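Enquirer: Let the hints inform the model, and build the full structure from the sequences given.
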Amino acid sequence: MTAEATAVLSERIVRRGVRVFSTAVLIFLVAPILIIVPLSFNQSSYFSYPLTGLTLRWYDFILQSPEWRMAIFNSFVIGFSATAIATVLGTLAAIGISRPSFPLRGVIMPVLIAPMIIPIIVVAVSLYLVFAPLGLTNTHLGVILAHAALGTPFVVITVTARLMAFDTNLSRAAASLGATPWAAFRRVMLPQILPGVATGSIFAFATSFDEVVVILFIGGPEQRTIPRQMWAGIRDQINPGILAMAGLLTVFAVALFLLISWLQGRSGASAR
Amino acid sequence: MRAFLLAVPLLIFLAATFVVPIGKLLIMSVETVEVANAFPRTAALLAGLPGPPALPSRQIFEALAADLETAQDQGTLAAAARRLNTYEPGFRSLLLKTVRQLPLPDGEPADKAFQRIDQRWGEPETWRLLGRAAHRWTLDFLLTAVDHKIGAGGTIEPVEASQAIYVGAFLRTFAISASVALICLVLGYPVAFVLATLPARQSNLLMIFVIVPFWTSLLVRTTAWYVLLQPNGVFNALLTRSGLTAAPVALMFNRTGVLIGMTHVLLPFMILANYAVMRGISPDYQRAAVSLGAHPALAFLRIYVPLTLPGIGTGTFLVFVLALGYYITPALLGGAGDEMISQLVALQINRQLNWGLAGALSVYLVVFTLTVYVVFNRLVGVDRLRLG
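Note that the protein sequences, when read in sequence, are chains A and B. Each residue of the first sequence is one higher than the last, beginning at 1 in my numbering. Each residue of the second sequence is one higher than the last, beginning at 1 in my numbering.
Read the hints as simulated data drawn from the structure, not as lab findings. These numbers were taken from a predicted model, which means no experiment stands behind them. Quick reminder that beta carbons are idealized off the backbone N, C-alpha and C, glycines included. Incorrect hints may appear among the rest.
[Stated by the list, open to error] Computed from the model, here is a short list of chain A residues facing chain B with C-beta under 10 angstroms:
| # | residue |
| --- | --- |
| 1 | A149 |
| 2 | A165 |
| 3 | F166 |
| 4 | L256 |
Expert: Now the structure itself:
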């Protein structure tokens with residue numbers, strides 16, 4: 001009896017310890033962001049507490065500066081275009097690879113995932129080597145194609161995962177009731193896998209939106225995106241404008257988080 | 001077959017934007033055309049020689065004189081000089097010095113004239129290197145990337161200690177990636193456990209702490225650490241104000257900064273991978289073990305941990321492999337002694353224009369990464385990779 005009591009007590013202590021430890025880790029994860037965002041409202045341009053006064057001038061600076069405006073514009077243009085390509089190609093491939101008749105699945109799936117795994121510097125240098133003679137360096141098109149390639153694995157993974165829960169009998173039922181393959185896809189399969197497609201495309205967008213190494217190599221001054229501009233800023237002379245941009249991107253991250261949770265809530269509900 | 005057709009557009013797209021470019025870069029590690037292109041006649045004559053020549057014939061000197069002049073006119077000299085300079089610093093200036101004195105005065109034999117311009121033309125070593133560089137295919141870059149070279153005797157030997165930088169960089173890259181993976185596992189496993197065992201409402205709320213950083217730009221998070229860890233930054237202000245340290249501590253531009261930054265960026269991958277697996281584990285197994293008399297700690301170690309191995313495997317693999325290719329975070333938070341292979345690859349292109357060595361370093365990096373990938377695929381399976 002006492003032995004069991006000690007066991008229960010020590011287990012409780014361990015549990016408490018694990019919780020305290022985990023809390024500390026979670027604080028480590030969010031603290032840097034929580035600490036620097038207020039600094040973006042600091043009156044003085046020093047990065048230290050206490051704040052000398054609150055101001056929006058760094059945000060104003062970002063939104064007025066032509067370079068930053070171009071960077072924001074570029075980030076969205078490149079991000080959306082790359083996402084569109086990655087989503088279409090990735091979804092098609094995922095539908096194919098999820099069919100039992102797909103040949104060499106064990107070989108092709110790792111190939112489709114490879115852009116996520118290969119070190120980004122190798123991708124960047126290789127693309128420079130091939131794109132330069134084709135005139136694709138220093139163009140939006142070049143960057144969009146590169147980012148689309150980097151985004152496809154995310155679409156493939158999320159859509160494949162979603163298709164595992166899809167009952168192929170539904171497609172067959174649609175066909176037996178006279179639906180054309182396209183109608184069966186659009187009216188039966190697509191609604192079922194849409195949350196997966198959406199999640200994958202958000203990942204693809206975030207990949208492009210955050211990518212800087214490839215742009216450093218194949219992009220020119222006209223293709224400067226937000227991360228490229230931040231990279232230049234940190235290397236050159238770090239100024240509070242970068243923190244204001246960091247603040248905006250943090251808000252953006254929270255928005256993406258909410259979007260993904262909503263999508264997962266939806267997919268959970270439809271699965272039930 | 002119809003199923004395969006659906007994947008064809010993506011396969012073609014990836015072949016064009018991914019497989020072919022990377023293949024080309026990797027081929028650059030063994031192919032070298034600069035010297036053969038710039039000095040075609042010399043290259044052909046040198047290739048015809050049976051072994052490493054003591055000193056080539058006058059005919060070859062004449063061919064080189066002609067080649068040097070054409071190369072300068074056609075603008076191929078610079079690339080050839082750069083390539084030769086990777087063998088022997090000073091080769092570029094030798095070529096440029098020689099080409100300035102061309103054409104040779106009438107009546108003076110070419111071999112005598114070259115040796116008058118610079119006595120290095122009378123040394124067999126100069127010609128051996130020129131002959132090596134004139135070959136279209138070479139192992140030199142792959143050897144340089146592991147701090148070796150082909151010596152005068154034709155045998156593979158290590159380079160001088162002062163030039164041996166790449167093996168160290170590979171080991172450092174490996175060590176940093178392994179450390180980050182281990183730190184992430186130690187920090188992330190308990191968090192995933194707590195999140196997976198809490199009631200759904202609470203764990204969903206705490207999940208925000210993991211997922212919002214995950215969605216926050218890498219640049220933002222690296223900037224945050226850059227600002228926090230500076231000598232006059234928030235962290236040091238806290239340390240000195242609280243009296244823990246008298247002077248600011250160096251937290252960045254060193255290994256500490258790299259490890260903190262990379263751990264912070266990669267930790268969510270570890271937590272999410274383990275959480276996904278732990279969510280699916282019924283607590284009944286452990287309860288059964290305890291009810292059969294196992295100590296809770298033993299039940300945890302023998303029953304629970306083995307069930308989470310796929311999560312541990314996936315998380316460790318992702319963190320380790322992503323860390324191997326890291327560039328931004330070490331470049332911003334690391335110091336002179338923390339360069340990872342990615343930075344050295346970038347340096348070859350940005351500063352040296354040495355495609356061969358960039359390709360060779362990439363070969364080792366890619367082969368190692370793919371080996372880890374294949375092992376992971378065998379042991380755990382890429383199908384295990386889940387997002388969100």
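Enquirer: All the hints need checking, so say for each whether the structure fits it.
Expert: Verification of the hints:
At its closest, the beta carbon of A:A149 sits 4 angstroms from a beta carbon of chain B; the interface hint therefore holds under the 10 angstroms criterion. Below 10 angstroms, beta-carbon pairs count as interface contacts, and A:A165 has none with chain B, the closest being about 13 angstroms; its hint is therefore violated. For A:F166, the suggested interface contact is broken, since its CB lies about 14 angstroms from the closest CB of chain B, more than 10 angstroms. For A:L256, the shortest C-beta to C-beta distance to chain B is roughly 5 angstroms, which falls under 10 angstroms, so the interface hint holds.
Hint compliance for this structure: hints 2 and 3 are broken, all remaining hints hold.
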